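As a plain string of letters, each chain reads:
Protein chains: 2
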Amino acid sequence: MDIKAYLREKKGLIDSFLESYFSAPLTPKTLQESMIYSLSAGGKRIRPILCLASYEACAKDNKVKAEDIIPYAASLEFIHTYSLVHDDLPAMDNDDLRRGKPTNHKVFGEGMAILAGDALLTEAFYMLSNNIKKPSTISRQPSAVLRVIREIAMASGVHGMVGGQAQDLLSENAEPDAKTLAFIHSHKTAALITVSVRSGGILANCSDDELFKLTKYGENIGLAFQVIDDILDVEGETEVIGKPKGSDEKKKKMTYPKLYGIEKSREKARELIYGAINSLETFDEKAEPLRSIARYMLERKS
Amino acid sequence: MDIKAYLREKKGLIDSFLESYFSAPLTPKTLQESMIYSLSAGGKRIRPILCLASYEACAKDNKVKAEDIIPYAASLEFIHTYSLVHDDLPAMDNDDLRRGKPTNHKVFGEGMAILAGDALLTEAFYMLSNNIKKPSTISRQPSAVLRVIREIAMASGVHGMVGGQAQDLLSENAEPDAKTLAFIHSHKTAALITVSVRSGGILANCSDDELFKLTKYGENIGLAFQVIDDILDVEGETEVIGKPKGSDEKKKKMTYPKLYGIEKSREKARELIYGAINSLETFDEKAEPLRSIARYMLERKS
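Sequences listed follow chains S and Y, in order. Going by numbering that gives the first Met the number 0, the first sequence opens with residue 0, and the numbers climb by one from there. Going by numbering that gives the first Met the number 0, the second sequence opens with residue 0, and the numbers climb by one from there.
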């Protein structure tokens with residue numbers, strides 16, 4: 000399959016939704032501008048796309064379309080975006096550039112960046128709980144939606160992403176050790192990616208067995224994603240990765256290449272990606288996008 | 000009725016729930032300690048208590064007990080606490096003291112305070128969507144729970160509390176004007192208080208007419224609460240209010256006393272409180288706690 004065309008198409012769905020979401024002006028305008036600035040800063044939309052691909056992979060019905068669950072998928076991009084805005088703050092990673100553009104607090108000030116992050120996170124839960132009625136939208140079972148909210152909250156908070164971010168902050172300048180590094184990567188990055196995949200399955204009413212396999216797929220690509228990120232920070236081109244190369248090293252971050260070296264990190268990424276693909280063995284051709292996304296990750300340059 | 004005894008009893012229910020909530024150790028420990036530090040920093044638990052009182056006021060059944068909805072009520076305290084932690088940050092209000100104790104970032108550092116706030120907000124939505132099964136817990140209708148989540152998210156984010164906070168930040172040093180002040184107060188404070196009252200009603204399956212009246216009650220006491228806060232900042236004792244007196248003036252905040260003077264502000268608070276009590280006219284004696292809480296607000300010193 001043409002994975003680039005697939006990613007482009009699905010990214011287009013998410014981007015149009017995000018563009019129209021804030022089409023009405025809000026008060027205060029600056030807060031809205033700050034939220035939109037980071038939401039539209041060139042994200043690859045990988046989390047929402049995984050949610051859509053997983054939904055399609057589990058669909059039992061030919062009438063099921065990715066369009067049905069756009070707000071649920073988009074909520075994952077809101078959460079991802081808020082986490083970037085807060086991570087970039089001076090009290091955290093202190094980054095001036097993100098995807099080649101000045102970070103949110105560089106443009107809107109620290110106070111507004113904190114509030115924009117808070118608002119993006121809160122809005123994600125509004126979108127998840129708001130049953131937007133459109134002709135194309137299949138009405139979701141409230142209990143499935145509640146489960147998705149619970150899982151996304153679990154994966155994003157103290158038990159997931161924020162926990163990983165806190166450990167990352169506490170581990171700067173510390174001697175790298177395998178256990179702490181595994182904790183940081185599985186919580187900071189893999190938890191939200193895994194729940195993106197799981198949400199699509201749950202909304203498609205998948206079986207427990209399917210959900211188990213989707214979870215393995217999600218955990219594998221989630222970890223691979225972070226390992227590849229760490230490698231790109233060492234080997235990527237500043238113009239392509241959108242931030243200064245070597246910034247992990249400069250901040251004395253605990254990373255995969257630092258602990259295992261570049262070659263072993265590359266091997267680890269490959270192993271995780273093939274583990275992800277293998278876990279979908281029993282899925283039919285509707286899971287081809289999920290498999291192709293995994294393969295594509297190994298090639299990414301930014 | 001003995002309102003002090005009522006508040007003490009309900010605060011006890013919320014406090015025990017919060018204490019047991021984090022009884023298991025989490026990783027990283029510092030993040031958990033930072034969350035607990037602010038959750039247990041002597042809050043009056045007014046928002047959860049309003050939720051419980053409103054639930055009891057609308058209960059059609061004698062077997063209904065406030066204990067049934069503790070996690071829903073407690074989630075409001077998580078959201079309130081996160082908002083205080085973020086508001087106190089140097090980039091926002093830059094406060095060193097809160098309720099007589101050093102603010103979160105003074106103890107744990109700015110990065111950890113930002114993350115603790117993020118985790119508290121996220122955990123609120125986890126609690127709201129997590130159907131905790133206990134013998135005493137009446138299983139809630141998923142659709143009512145989804146409605147509560149949607150309303151709480153709406154009241155806390157860009158359309159509510161965070162919007163008000165952003166306007167507050169943007170209005171420092173500006174000439175006070177009535178419209179902006181009304182916007183700040185209704186969004187920053189009254190929105191979360193109103194939704195606390197509404198949530199209790201929705202969870203008790205109240206009628207549309209009851210919900211309409213509860214909303215009027217909530218909006219009135221919510222505004223009164225902020226007006227009284229503004230007055231206490233001018234007239235209160237530092238030891239009693241737990242922060243330096245006159246800090247609004249020092250930060251050039253837009254407040255009620257600044258725009259209307261102390262006497263007119265007192266009058267406004269009284270008017271709002273009696274408006275709140277009047278809106279519950281058709282409620283029976285089960286709404287007595289709500290009425291007494293409103294009266295009690297006029298007397299508060301901290």
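For the record, the hints were derived by calculation from the structure and aren't laboratory data. Note that the structure is a prediction, hence the values are computed from the model and not measured. There could be a bad hint or two in this list.
Just so you know, same-sequence chains aren't split out, so a pair can sit in one copy or run between any two.
Cut-off 25 Å, straight-line C-alpha distance, at most; resulting in silico cross-link-like pairs (DSS-like, lysine-lysine) [said to hold, decoys possible]: (1) 62 to 249; (2) 178 to 10; (3) 62 to 28; (4) 250 to 105; (5) 28 to 105; (6) 215 to 251; (7) 257 to 10; (8) 251 to 263; (9) 10 to 263; (10) 28 to 178; (11) 178 to 249; (12) 10 to 64; (13) 64 to 257; (14) 43 to 285; (15) 178 to 263; (16) 250 to 28; (17) 251 to 28; (18) 285 to 257.
Can you give the numbers of the hints that this structure goes against, from lowest to highest? 1, 2, 3, 6, 7, 9, 13 and 18
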